[in-house]
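Enquirer: If you're matching them up, the sequences are chains A and B in order. Quick note on the numbering used here: the first sequence kicks off at 1 and runs consecutively. Quick note on the numbering used here: the second sequence kicks off at 475 and runs consecutively.
Errors might be hidden in some of the hints.
To be verified - Pulled a few chain A residues facing chain B out of the computed Cβ check, cut under 10 angstroms:
{"no.": "1", "residue": "K197"}
{"no.": "2", "residue": "T234"}
{"no.": "3", "residue": "E252"}
{"no.": "4", "residue": "H253"}
{"no.": "5", "residue": "P256"}
{"no.": "6", "residue": "S257"}
{"no.": "7", "residue": "H395"}
Just so you know, these hints were derived from the structure itself, not from any lab. On a predicted model such as this, the values are computed, not experimentally measured, just so you know. Idealized CB from N, CA, C, for every residue including glycine.
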Amino acid sequence: MNPELHSHHQVTRRAFLQQGLLGVGGLALAGLDAPQLFSQGSLITPHVRPRAKRMIVIHLAGSPPQQDLFDYKPKLLEYDGKPCPEEMIEKRFAFIKGHPKILASPYEFQRHGSNGTWVSELLPHFPSILKHVTVVKSMVTDQFNHAPAQLFLYTGSPRIGRPSMGSWLTYGLGSESRNLPGYVVLVSGGKVPSAGKTVWGSGFLPSVHQGVQCRSSGDPILYVDDPPGYDRKTRRRSLDALRELNRKAHEEHGDPSALARIEQYELAYRMQIAAPEVMDISQEPPEVHALYGTEPGKTSFANNCLLARRLVENGVRFVQLFDWGWDTHGTSPNDDIMNQLPRKCRETDRPSVALVQDLARRGLLEDTIVVWSGEFGRTAMNEERNGSKFLGRDHHPGCFTIWMAGGGIKAGFEYGATDELGHHVTENPVGVHDLHATLLHLFGLDHKKLTYRSQGRDFRLTDVHGHVIRELIS
Amino acid sequence: MSRLIRALAIVTLLTPLTVHADEISYPQQIRPILARRCLPCHGPDAAARKGDLALHERQLALKVIAPGDPDASELMRRVLDADDRMPPPEHGPGLTPAEIALVRSWIEQGADYPPHWAFSPPSPPVQRDIDFWIAKGHREGGLQFNPPADRATLLRRLSLDLTGLPPTPAVVREFESDSRPDAYEQAVDRLLASPEYGERWAALWLDLARYADTKGYEKDGRRTMWPYRDWVIRALNRDLPFDRFTKEQLAGDLLPDSTDETRLATGFHRNTMTNDEGGTDDEEFRVAAVLDRVDTTLQVWMGLTGSCASCHDHKFDPLSHREYYSVFDVFNQTQDADRSNDSPLLPVTTDSTHARLRELDQSIAAMEELRKELKPRRQQRFQAWRALWTKSPPQALRPSETSHDTAVPQRFTLDSGAHDSTPLAVVDGDLEFVPGLHGDAVRLENGAAIDLEDAGDVERDQTFSFAYWERLDGDRVHVPIARMDATAAYRGWDVFIYERKAYVHFIHEWPTNCITVVTKDRLPLGEWHHLAITYDGKSQGSGVTVYLNGRRSSLEVTHDSLRDTIRTERSLFLGRRFGERDFHGELDDVRLYDRVLTPSEVERLVADGVSSAIQQERAGGFLRRYHRLHDSNNEDRTVVAQLAKAREEKKQLEAMIPKVPVMAELPVDQRRKSYVLSGGNFLSPTERVTADVPAIFHSWPTGAPRNRLGFSEWLTDPRNPLTARVAANRIWGALFGLGIVETQEDFGTQGELPTHRELLDHLALYLVERKWSQKALIRHIVLSRTYQQSSTATAEEYARDPRNRYLGRTTRLRLNAETIRDQALAVSGLLSPKRFGPPVYPPQPDGVWQMVYSSDRWMTSEGEDRYRRGLYTFWRRTSPYPSFTIFDAPSREVCTPRRIESATALQALVGLNDPVYHEAAQALAIAVLEGAPDEGNRIEAAFERVLCRTPRAEEKKTIRRLLASERAQFESDPERTQQLLTLPTSFSDRTELAAWVVVCGVLLNLDEFLTRG
């Protein structure tokens, strides 16, 4: 039913929704009237024990070639340089024209870890965290252009307008931090991802749930620095005056939103102190810098990995890292798999490994999920755009590899397989909605019940799809 | 209605479980249960329907419902059956006991399915008065009207609502002392007539129109849409009737009286995104744009969530998959097709440009006429010259084959059977010989090219020249000659013809280490001409000379940074640089030299061609051109020069004219066939459909064309139950914070029900009766007692109606993103009154724009453009102005029917720290200090400017305390004072000013300032 006049506790809830400030306090966890808020039943599935509290997603924007990193395909060597089988060109390509030729990986692979996971020589550090990791070789998507594929991976829909996964999580669970946003985004590689800021947008959810981009140079958060000439005391005294005036005005007009406004400014004040502190990695000991390969003051993927650890340590729910430069088409040395790919691997292998190790030794990995992924896979064929002599691969939605660690994800595990040319998934396909359902499940959330009503419909991250892949859970 | 209101009252007073004691409301109580639990499988979506059972219509539901007898109803049995329950457990939980009780009572009472309220046209209510219906709601809910707001508050409210700007203290004082009985009405009329009215209401419309200054998607490149934005402002200011406003935007190109103005209005639907990402299928994104137009149209005019039906039958509303695509067909007939140039485009000229263009056209026509008159004499001279040359060519130019041959290290005559220094190897095509200027020439098209292998392998420190004849097929890119590796940063050299100008490149690495020179002359098309290029080996653009038909061409050097080798392994190609379709036309007599040719040598080369051309019919164009150059009689040369000048000016003027994407219908013989797209996928067409409207509504107007115009007539037809209601509701929502239907975006069966249905019908009819005048409707509303009430309320009143659905007071509204900034600029005196024109770039933090594949930069505006109203700010879809986003502005990628308000700490940070607000605080402080003599007056003046009222005693105390503490602080720290004050001022007491800046910063962040009370 649609009660027209709201009872008082519903007001509190609505005020909470709209004025939830930084997403502090989860709707479900705050014990508010969740059954009425959500379409059916309780948000938390009672029999699911939450395994994860926080999540860090490392996104390789542009999408790395799985054949050169994880999905070892010796059969490609046999066909290297020969026209690919007809059935591999049934679908549309983004750039390939004519009949493309097979491109074997130019890199050596070796088996590592207790279960003998194949890893390319481009990732020399990665094997050391295999004991924490599940490698999924059977990811599939249905989008083969960057922007829609990124939107699909983060919002469950290739079209614009849906909330991203981080927004859903902070909406469902809130933030654990009183002073920091619940959902933080860090970007390296010099560019924002193709789909722009909509990949961390809150869609139809209140904008309090949108990702807040933190920056390692300039203001760590937009507008967090006082104007020149202000110091903390002046700021404090001006906020005291503001509070007094707002409180007096409230006595006059009676509108409770004026009180929320006071809290909004107090929170901003706390954030002004907390954000620069957490974003300042120079206080980390040399040993940590050595582990990650970080250099304070720079904008780098390594710095962002360390920042991700500091942010989750301080109660941030969801940290999303974007690193640009993985779109290895092979049109020049700046986007091929002989020069650019090794360069990107050198930049990212050690820091992402360090992040998992660092979380593990601090006991955070137990309830923090780390996901490493691109938005789709790349073809087993050489793109040869306009006869280019540089080696590269086109976009391929049919299969790609991701890895995950922590927060209830199985350790030392491999899942799924592709055919011998690495074109199709042959075993245990994992769709984007399945991945979402599984990740939400680890947070104790039933993906069918985490809904939000907009334009006459209950929306969810997984739309009308998705299955929890229980084999991925320890 | 009485039933509705009664139900409302009951819901307020009773717990839901006891509701069954009274009459059950189907739309309020039963439909939501069915919608949630049953309709996904037993609803309007025929494809998803299970067991051939549907429950959304009574006739269909009677299969399982026995009206009046729940126990005999299969429906009741199934929802109660523990073993075989509906809905099945895998589809979700079953009905709660309360829900079962409701359904039971409803069946007992006859299982009535009254039609959805919004799908029948509004009917005139018994009272045509706003306050009557609000008062009626008050009585039902135990509320009453608040007393009227005080005059100053009322005027601030009215000004912000109608114009988006606050009144100045002088205007407030004048209004407070205006004792005329119609003083308020006068103020309303004055504000409605002010030019700021259009700016304020346009900002709201632009969210619906998804107006932005970029194309969206990955590349999100710029596009010129601002003339459309200006059209909206002007249309609102002149109160273009809403039905006409509708028709011009949807079908301004199809109107019988269409003009450039109405065509510009169709920019509304060209605000859809265009995808320039490499590798995307234009048809896919053309279809996406058409889908967006359908969704947006249904959304904006009818409050329907059509997009559901793009993939399948609507799950809840009577809009089938097929019907959706019948509407799609209406919008599927325009020429735009996700092209990167966004065509078709409408040039939008100002009057003065227009006048100058007309002048130019006239003088061009006159000169062409003159040339025509001179033509016979010119032709006579030409014939005489030709005859003379045939008899005896000028001595200096007389061809002398032998001397040339020895001087040419490499020559390719391109004759069939010739023994050139390198045999001709053609790639990707056949060698085709055609008559040329020297014997044969080769014809190259469709990707064919000639590989000359090692020829032309020169270094940047060598002198060399090359020369050849060419005939170009059309105005496209041509690469007649290139020794260049496009995959290695374009190392090498070439001639690249673009827009009929020759670009000569010597490149090590493009574009950082290379020379480019461009001819100012344009090359003739379809006519033989000779090009010779010489290079002095000094790695400088000034060392390159280009001769066209023997005359030195004036050049522009656009790159001059060559420092490293230009040698490449790649062959010298005729007709190829990238690999395909680089040249369409003919080439003849290519010569390469290892020295710099002299002008006379070049002239002689051309003379060779003249001699040869004299014998041929094909070379007439070249000969006439050559003759013109050498004709000593200049009677038409002046005309030619003037003509060229006039044409150039015209071209430049035209290039400066903004060209706006607009709608244009395809010619009849090119109309697209439309199909139902399975799952909304453009690759899965199924059944063919043609333009039509959903069957639940009135039919297509008789005699109206089956196109966008006919559809817009259907939308604004008085029989349309939704258009006027949705429009009136939107205006109400803008003035009260919530619509009468709260879900402004959804008037379908899943939307909220109206709180005051008769009132909404009254407003909808009022709008139509007043000839769709939006200003008339706004005036009607703001003159109501309801609007003029005070917003003050007790805690008890807030508890009773917290969201003020029943308007026992006026809602205090947080201002929207643009207004918050506009207001800060206005009260501090910084706001620029400049209207219209290209978007501006007020300061935003560095590094906010990080574009993929683009070096586009935010160039912060200078001067008054820093302080323009928010709606003129450049709107990049993937990175909108950050402080607007933080205050809930949408990205404008898709239609946003209403902004969902939030309150975040980030908003507080904007108000406290955004340089815009810091500048406003400084400007305000300066104005206050310069305008009033002492502290008391200054505090009053500041409050009047910011809040339109005088401060209360305790407020003064708070301000004085802050002033005192900050004064002391800044006195002891002149350096910090210096840092704080960034605006120039003649006010000498810096400490006092600094303290006031802090105070003004506080005032600009007051809840009362950010709110409209």
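Enquirer: Run through the hints listed earlier and report the numbers of any the structure violates, in increasing order.
Expert: Structure breaks no hint.
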